[in-house]
Each structure stands twice: as C-alpha cells, then as structure tokens.
Amino acid sequence: MAELSTSLTKDIPETDFNVERERKKQKIGKIVKNVLVYFFLTLCAVLAFLPFYWMVVSSLITEPQYRSPVPTLFPDTFLWKNYELILTQTSTSGASFSQVLVNTLVVGGVSTILGVVVTIITAYALARMNFHGKNLLFTIMLATMMIPGELYTLTNYLTVSDLGWKDTYTVLILPFLVSVYYIYLLRNNFMQIPNSLYQAAKVDGLSDMGYLVKVMVPLTAPTLVSITLLKFIGTWNSYIWPRLVNKSSWQMITNWVTKGFTDNKFVIYDGIVKGVRYGSEPLTTLKMAAVCMVSLPLFILFIFCRKYIMKGVSKSGTKG
Amino acid sequence: MANPEKNFFAKFGEKCKDLWGKFIGLFKKSEAKAQAAAEGEACTEQCGMIGTELTKREKFSRFLKAEQGWLFVLPAIILLCIFTFYPIINAFIRAFQQNYNALTGNYNGWGFENFIRVLKGDTGTGGAKFVQCLVNTVIFTFISVPLSTLLALLISVALNSIKALQRAYQTILFLPYLTNSLAMGAVFATFFTIVGTKNHTDTIGIVNMIFFPNNPIDWMQGGTGYTWNLGAVKIPWTKYVVVIVYEIWSGLPFKILILFSSLQSVNKQYYDAAKIDGASKSTTLWKITTPLIMPMISYLIITGIMGGMKQYTAIVGLFGEQMGRDYDMGTMVGYIYSYVSNGQMGYAFAGSLLLFAIIMVITVINLRVSKKRVTF
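If you read the sequences in order, they're chains A and B.
Residues in the first sequence are numbered from 1 upward in steps of one, following this note's numbering.
Residues in the second sequence are numbered from 1 upward in steps of one, following this note's numbering.
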C-alpha cells in the first residue's frame, strides 16, 4: 500500500495530465471503434444480402448479358420475359408453375391447419388432462425426436407404396402432420397457464373443450402463430419427400425449381447467340427467375410476420 | 421364405394389439398402483357416504371420464404409430434382411451383409459410396460449424455494442434464414460456376472475376450449370470451399439470433465491474462475455453439428440431384436417398441405422461435455 501511494505521488506531477486532451482521445477512440464496428456490420450485411440481390438481378437480364465477361450488377433495362417464360412454360420435368403452386398451397394449407389442430388437442391432453400412461406416452414421443427422420422416411415410402397413395395429396399431408416438437413446445406453454383459471372456468360451467378454445388458445396465441408459420414454411420448402413419392405433376414448388429451364420454343432467343444454341441448354437467367418465384412468398411472409417468425425460430431452431 | 408383405397389415394389426396389451400392462403396474390406492380411498369414502355400491354403468362412465385424455391424443397416436413408431421398428428389422426386395417383399436370410456392403463401399447397381459420404459430411460440418459460430459471436457482439440501426442490421442479417436451401444453393452455384462451350468460356463466375480474374479456378468441377472449363485451374478441394461458404452463410442467421438475444440478457454489472478493473475490450469479450454465454455457444455448436450431419438439400441445390459427379459430394442423408428410388432398400436401411448410431454418439458426447463444462 505504501509503495503504491509513493509511486502515485511520484507519477502524478511528472505526467502533464490534460483532461481536455484525454476526453478528446477517448472521443476519437470511440468514433474509430464505432466506425470499425459499423464497417464490419455493413460488410456482413452486404454479404448476407448479396446473394438475394444477385438472384434478382440475374433474373432480369438476358442470358448473353449474364454470360458476358463483365458482370451486370445494375441492369438498365429489365427483361420481364424471363418470368413470363417460366410461368407459362412447363419445366424440363413436365410440371407447370400453376400446377406446383396449387399443389403447394393446397398441401401447405391443409397440413398446416390440420397439423395445428392436432397439435393443440394433443398438447392440451398432455398438459391438462389426467389419464393412465400419460407420462409414458409423452416420454416415448420425446424419445422419437432423437431419431433422424430419414430412418422412418424409408419405411413410410414403402408403406405409402403399399397403400397406393402415390401421386395424391394425402401422401404429402399425412406422414408429417404430427410434429412431436411442436406438441412439446405447446404443452410447455399450456403448462404455464395457472390451474386456477381452469377451476374458475369449470365453476363457470365451461367444458374441457370450451376451456381449451376460449381460454388456452387465446392465451398461447403467439406460440400458435409461430407454429403455424413455421409449419407452412416447412411445407413450402419440402423437397425430398415429394420427389420420392410423387411424379412431377404432383410435386411441390421446390421440386419444380431444381429442374432446368430452357428456351426450347425460342421465345426469347431465336437461334444461335455466340455459337450457343440457347434452345436446348438450361439457362441460368431462367433458373434465377424461378428461384425468385420460390423465395418471394417467403420474403413477403417475413415482412409481415417478422416478430412471430423470429420468436418461433429462437424457440425451436427448426424450419418446420 | 414366405412372402411377408402379403398379409402384412393383418400381421401389423396383430402386432399392434400385442404391443398395446404389453404397453397397458406396463403402465398399469407402475402407475395404477398409486392411482388405485388414491381412487380406492376416494371411492370407499364416497360409497360409504352414499351407502351403495357403484353400478356397472356408473363405473364405466367414471372410467370414460378418467381416460378421456386418450380420446384427445388418439389422432396423434394413430399417425405416430403408422408413420413414426412402426417405421423405426421396421428399419431395424429390414436392415438385417439380406437382399431385401422392396417390390416383392422377399429376402433371403438374416445377417450383417447390408452393413458390410455399405461399409465396404459396394454400390450395387449404382449409388453413393458410404465412406466418401461420411468423410464429406464430417468435413462440411466440422469446418463450417465452428467458423460460423465464431463469426456469429463477433457479429452479435458488434451488433450488441451499437445503438443506431441495430434493428435494421439484425433484420438484414436474419434474412438468409428464411430461404429455401435449394433455391439459394442454386444462386451460390452461379457465383462459382464457369459457363461456356467446348470452344469458348463465356463467364468465369463472379467469384473468379473478383479474386482470380487472370487464372480462374474451376470451383465446382461438376454440378448443374457446369459445362466447360477451358484452362481453369483445378484444385480437388475447391468444391468443398463452395459448400462451406454456403453453409456458413446459411448457418449464421440462426446463430446470430440466439447469441444476440443471449448477449442482451447478460447483466450489465459484469461489464461495469470489468471496466473498473481496467479490462480491455478484447479481455472483456473473451474472459467475461464468452464464458457467460458459453451454454448458448455449446448449444449452437451441438445443434449445428446435428444439423450438419443431416444436410442434404443444400448440396442438391449447389451440385444438382447427382450431388456432383457421380455422388462425389454426397452426404450421409444423400447416401440413404440415393438407394431409395433404385430399389436397393437394404443399403438405405443399413445406412440410416449407421447415421442414427453416429447421431447417438454425438448426443452422448454432448451430454458428457455439457455436464462438465457448461455449468457456473
């Protein structure tokens, strides 16, 4: 202690401590730090956004423009014909956009609604009702979450083949209707609702079902909205299962996008450009237009439901 | 061998019944004891009060009321039985049947032949090679997950330290999450793909234009948009770079979301205390912030590894359905699916059990490690 005080008294007179200058130094340091931080974040944001920008730009230029040695980052004219072509033409797999869009919307709508209803009633029973074997059932359900989905996709493939369900909507809806994770999530939400509410509702003469619909569902609405959105996004993005079980006209929008798109009727490019016959070759600009069509609805959904999606994602960490 | 598929559903029904009986017996033993004791007490009390015994009908309605919950969970149970529980059991059976034919349901004998073939790299009438797929998956996962977690940590810390525009940056950085991996995989493929014809290279791809304009690198060496690569430099591992870049980009948003929200919940007092003690910014980051959010970091690494072991669609987006040239960029899941459509289900079942085993090992390691390290 004595040493410290002597050193302090020794040091202070020697250094010309200037408050103004120190403050200035700190201020400059802060500005430099801020500039660096903002630079870093802007760089990351640009890199995160770049693929989307590139996707949109590439979908609006001509194929020769895309293939030119100098990349077109700011096109002066937009070629909407790319979109026109892919939306009216069938892809190389034989499915048209309107067809796969209808498939995706029907399957997405039905499986989301049914899935949420099943999730609600199951979660309610597991959270609020008492019956024999409840805990055992719940444990078994949770245990299946450890098992990779591919393990049961294989048998499901055989099962639906045996049942003759191939090339139907049923096969796209039923196998993935029940999500143990969402049941688990909602059950935990239901458990947090105090029991006194249940007793009060009972006194007021509400049935179990009435209590579920009138009290529990409104109270857990944020979670339900998140589950609904994530489930729909999951269906929108489903690729493996539809490809496995259905032929192209019964497949989903993601299956459509993986196929190549050609200008085989010479709508945009007639004949040979730079030694390439654009008729038979899959064109990147057309593919980017298709990619935009798949990504656009997700963006619109994100703009309107940002809060719920981010909340749902931070809770579940899955895409559905 | 008899044809087991013919009366498969009848048998399945019987099996279900059997299992159900056992199942009921199981819980009746453990749970019913306590419940019965409690109910018995209540019953005698009630009965004593009323002074009569319960009729059969009353008993039945009471039973219905008590077991009403089963009615609620019934739809879920039926679907889970058909599409989850039964397939799991079935996978364990089928994996050990030799030469199982999906069309006729025939097989000849039991044994480990499927597993031996899978591990040996036998591809039957065509498909991916297991060891290569395993190595690919491990490379993708164990490089991209740590890198993206570290980057996510830095971004979250930066995001946490600013005030203006915080929301805007957060939203933009979250955007890549809400995308279709097939679609964005295709976009990333265009960054790296050299497009041209036999005689003429049209474009060398935007990455080559920026970094290697003079001697372009043939990054993809296969894939959908891939055509010709006149004079491009060929390095075998560059296609792995493409996958890892995509994985980092697509893995960041979720990690940033989680880390940023956990950073915001860190008590500000720790930072004040550190400031008083004269800790530098980097010391604060590595000695205070990181340990405090360590549980979240380890959670992200584990979920990242789990997800990485199951990746598939991103590779299809980048390299097409053949996953490069003859499945040379295949992953574990890609391995399984390469055998589904061509009828060689034995390989697929054995492969899926191996994937299951690997994921179990990771889970066990995770439980061990998280017990040791992530407690304060």
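There's no promise every hint is true.
Just so you have them, the derived chain B footprint on chain A, three or more residues with Cβ under 8 Å [stated by the list, open to error]: (1) 24–32; (2) 74–87; (3) 122–128; (4) 145–158; (5) 184–198; (6) 251–262; (7) 289–298.
A few chain A residues facing chain B, derived, Cβ under 7 Å [claimed, not checked]: (8) 39; (9) 40; (10) 41; (11) 55; (12) 222; (13) 225; (14) 284; (15) 302; (16) 303; (17) 311; (18) 314.
Coverage of chain B stretches by chain A, computed from C-beta distances (three or more under 8 Å per stretch; other residues unrestricted) [to be verified]: (19) 82–88; (20) 166–176.
Treat the hints as calculated values from the structure; they're not laboratory data.
Glycine is no exception: its CB is placed at the ideal position from the N, C-alpha and C atoms.
Hint-by-hint comparison with the structure:
| no. | hint | verdict |
| --- | --- | --- |
| 1 | 24–32 | violated (count 0) |
| 2 | 74–87 | violated (count 0) |
| 3 | 122–128 | holds (count 4) |
| 4 | 145–158 | holds (count 13) |
| 5 | 184–198 | violated (count 0) |
| 6 | 251–262 | holds (count 4) |
| 7 | 289–298 | holds (count 4) |
| 8 | 39 | 10 Å, violated |
| 9 | 40 | 5 Å, holds |
| 10 | 41 | 5 Å, holds |
| 11 | 55 | 5 Å, holds |
| 12 | 222 | 16 Å, violated |
| 13 | 225 | 15 Å, violated |
| 14 | 284 | 6 Å, holds |
| 15 | 302 | 5 Å, holds |
| 16 | 303 | 10 Å, violated |
| 17 | 311 | 10 Å, violated |
| 18 | 314 | 5 Å, holds |
| 19 | 82–88 | holds (count 7) |
| 20 | 166–176 | holds (count 7) |
Of the numbered hints listed earlier, those contradicted by the structure are 1, 2, 5, 8, 12, 13, 16 and 17.
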